[in-house]
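J.: Mind docking chain B on chain A? Use the hints.
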Amino acid sequence: MSKKRSFSKYIDSIITHLILIIVSIFFLFPCLWLVLASFSKSGSIYSYDGFFPKEFSLNSFKTLFTDVGLYNYPEWFKNTLLISVFTCLLSTFLVIATAYAMSRFKFKARKPIMKTTLILGMFPSFMGMIAVYLLMTQFNLINSHWGLILIYSAGAPMGYLTQKGFFDTISISIDEAAKIDGATNFQIFLKINLPLSKPIIVYTALTSFTWPWSDFILPKLLLKEKDLYTVAVGLMNLGETEFSRFAAGSVFIAVPIVILYFFLTKFMVNGMMAGAVKG
Amino acid sequence: MASLRVNKLSKQAISSCFLMGLGQLLHKQYIKGFLYLAIEVGAIYFFVQYGFDNIRNFITLGTQKADPWLGVKGDNSIIMLIMGIFTLLAILFFFVIYIGNIKDAQKTSDRVSRGLEPLLFEDEIKEFLDEKFYKTVLFLPIVGVCVFNIIPIIFMIFIAFTNYGDSIVPPELVDWVGFDNFKKLLSLSEFSSSFLKILVWNVIWAVLSTFINYFAGLGLALLYNKECVKPKALWKAFPILAYAIPGFITLLAFKFMFSYGGPINQLIVNAGNSPIGFLDIDAKWMARLIGLVVNMWISTPTIMLLASGILSNIDKSYYEAAIIDGASKFKQFTKITLPFVLFSTLPVLISQFVGNFNNFGIFYFLRGGLYMDGYFLASDTDLLINWLYNLSIDNNYYSIGAAISLVIFTITSIISLIVYVKSPSYKQEDTYK
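Those sequence lines, one after another, are chains A and B.
In the working numbering, each number is its position in the first sequence, counted from 1, plus 38.
In the working numbering, each number is its position in the second sequence, counted from 1, plus 93.
I should point out that these hints are in silico values taken from the structure, not numbers from a laboratory.
Hints are not guaranteed to be accurate.
Unchecked claim - In silico DSSO-like cross-links for lysine-lysine, where the CA-CA straight-line distance does not exceed 27 Å:
{"#": "1", "chain 1": "A", "residue 1": "144", "chain 2": "B", "residue 2": "196"}
{"#": "2", "chain 1": "A", "residue 1": "47", "chain 2": "B", "residue 2": "319"}
{"#": "3", "chain 1": "B", "residue 1": "319", "chain 2": "A", "residue 2": "146"}
{"#": "4", "chain 1": "B", "residue 1": "225", "chain 2": "A", "residue 2": "236"}
{"#": "5", "chain 1": "B", "residue 1": "225", "chain 2": "B", "residue 2": "101"}
{"#": "6", "chain 1": "A", "residue 1": "262", "chain 2": "A", "residue 2": "116"}
Isolated chain B (complex conformation):
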């Protein structure tokens, strides 16, 4: 591939620098040349007509407030923000094509200097089924991910630095506020005390539930691995059943089970006691405990299945050697089984931790929409991700929500980063070929 060093550029490549497609035209590649030219003309038209305005609006986020009395239409800050992002991406995209155009002209010049004819247009199209097949194949996925993943994330990152939300939604004008949202989360405000409390519980939850699920799952795998357990498939069917049921059904069912009119309370009432609000506003640790148990019910089977697979991979000769040396069952477990399983499932453990850290479903279904005193639009079981939902979707605090998203991102990415750096399978990505 031609590298881009100015002093080495051919005459055609330099002419492509000034006018896209000119180099290709000089090579008598007319169709491609005119296509590049058309792109440049289109791009210039777009920037003159809309681009400059879009960028200016992106910076100001609107200056004219709507006034129905005077019939003034007003600026919609959010549309302006979005159009600004689109325009910035369009500029980036244009530059990629522009550089490609110069490289292409240079490549053809190199061909010519080697005494070959410039490629015909149809031959270049054919390349997309051969050497450039990956480009053809990746085109749709990349467009899809850009539109539905990257643009929304960029949008949210920008929102975190505005005051969008609460009473400030279009037709009100939104403004850039710098790091105010993050300051609000950390320093004294109605948000900060909730934020700290929720963050602490979130970390406790993630550690506890990962720990419980992991060792319960491992314990189950060891149990099913015992020789006297027969037929294994039959006994394993029960946790697999739990694993296979869609999560929302499980969670809704458990909500019914622990509700006031639910079966447990009916039994309590029948025994002559007053019903207990297991998941009620004053349930305190009871609700958290139920959350942990329900999460265990849902996640343990997954760990069990993974650990079973790993256990069957342990070399039996280790145990034989251990028995000869007179090691007890317990010693065998702590010295052979546990280190091996821990080592193989470390990435799983961490992905479980991240998953539990962002476990939205559990408390959304069990206690969704409960707001408590001392918390700002949250309850004592809500995790950051639940709070994010309460703030953004139910109460329109978009910018604070976006700031919380970035905090969650920072935490999970630090954890994941440590794992990716440590995990041997990442370092040796290409060795198994």
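Next comes chain A alone, as it looks inside the complex:
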């Protein structure tokens, strides 16, 4: 009996590992293909041998940063970094402020505000973007990085629910004790709750950094000059003959994000869960 069971366990383990390998290849293969392509000696996808380049070199990375006549990758990278950093700073501030107010204060407009954000969230995000595009063209505000930063940051407070969920879990008994000692709400926020909420601030900062880092719709709509492009828009313009350059550019901006995600997977999942469950 026990022999039979261990045998079926053995079979089960083999099948499981077989599936595991297939799944892993399914996910790894396109990434591997892209990474290898970035080290290809020739730039065009036509001169590859099937999936993989014939010869390897660091050429693509070199041209990526030096050959800036048509495709100014360093400039794109600088733009992306600038937009992401400022969006990160502004929207972290706005989101944390909103979430804190919505979690800690019971004011009359609270429920209406929550319902309004729910309804606003149901409009296709694209609708607002097209309107912003039309308005910006009307007022000649197109081609500005600050416009982009403002739009990203101004929309950020709508996603306050995850952060509100976090503040809800911080006990209010400390607040009440501080209030009895004569602290104002501002002091309570600054001295008590802010230091306690480091994890959620880090989470907010990261998600609001990666959003503009990998968004393509808004910059595509609002940035019409090549030197103002972000990496996403720039890479979209690379054709098949520039495939290695595309691969190198992609690898270069994906690596920092991938590393971040690997360290913070648990964090992200908890945040996602909270956001999904509460709307």
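T.: Just chain B now, with coordinates in the frame of chain A:
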């Protein structure tokens, strides 16, 4: 807080009704009183000078067409529409302040009737760091959301009821057309046949891709949850890798992979066959299938991560009881695991459905800009959101685009509404404190 019942209003509050700030001045709150007064004067000046014109222009959307021959500057209907929205919001804003002014005077009167002194201006400022701290904190976010989210949405809603777009863009005059755009989408016109076809495919896509991704993700989570899988972190790293790569890179890479000169076609050619246009105009279900697979590659890891978290929360004693009762592995799965996971991930499932319904990226990158016979400025893989983009951004059909946005809004809001009403976490929003 003072409630607004006219028969209960104090003398000061009534005087504030007639002239903003008067009540505050009677309470000897001079700075606040003059501030309110200044707001009223400013508002009246604004309405006399611009407001009435703005409202009239908002109703007519311009009457004078530009004529370069005669040097007539002409009306810009879109600017007029925007200024009209601003003016309406300004009126609303003014009324909020006006009501606040009366309430404030009443509140001070109540204080005085309780034998207290009216608050000093500096004390009231200090309140913004204490009792009214939430107002201070929410001010910037609310202004930001109003300017960059609410006004654009209001603008688009209005646009849906005009004929803005196609050849009618400024300097041409735009007009209100009522529900014409919606009629065009539903009744016989070049739009309606495309609209129905795209809507049907959109629903099929949303259902199929959500179903596939959800069960693939759940399957993966169960796979990684098996005891013989070790080390879990290593095996899980592969889907997490896919999860972490920015979406546009993945999508562009897949486009290259399936292109004519791409690696798959090279292998096909090397084997002596002619290349296949996987994503070409006549690809039919091939392109749709590739879309589903690519979307699976992108979304499955997310579901897997969520489901893994949920699986680790299942009480092990259920399984122990099941084993004692002699339930098979399969029975355990269908009777314990699946109901539990389904229940916990229902909101996720629905948000995934809405996300997939509006999944712009997949077909924008894989097949963007392809127009097909039988479709009006769209291809057979385009979802409503892609069509919206083609119409509004690439071809200037703004009003039809806005109408489609409202249709999408209606569909997603109905779905979301059902979920919010059903989801226990929404009903019990305040219980976990």
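J.: Hints the structure violates: just list their numbers, smallest first.
T.: Going through the list in order, the structure violates hint 3 alone and respects the others.
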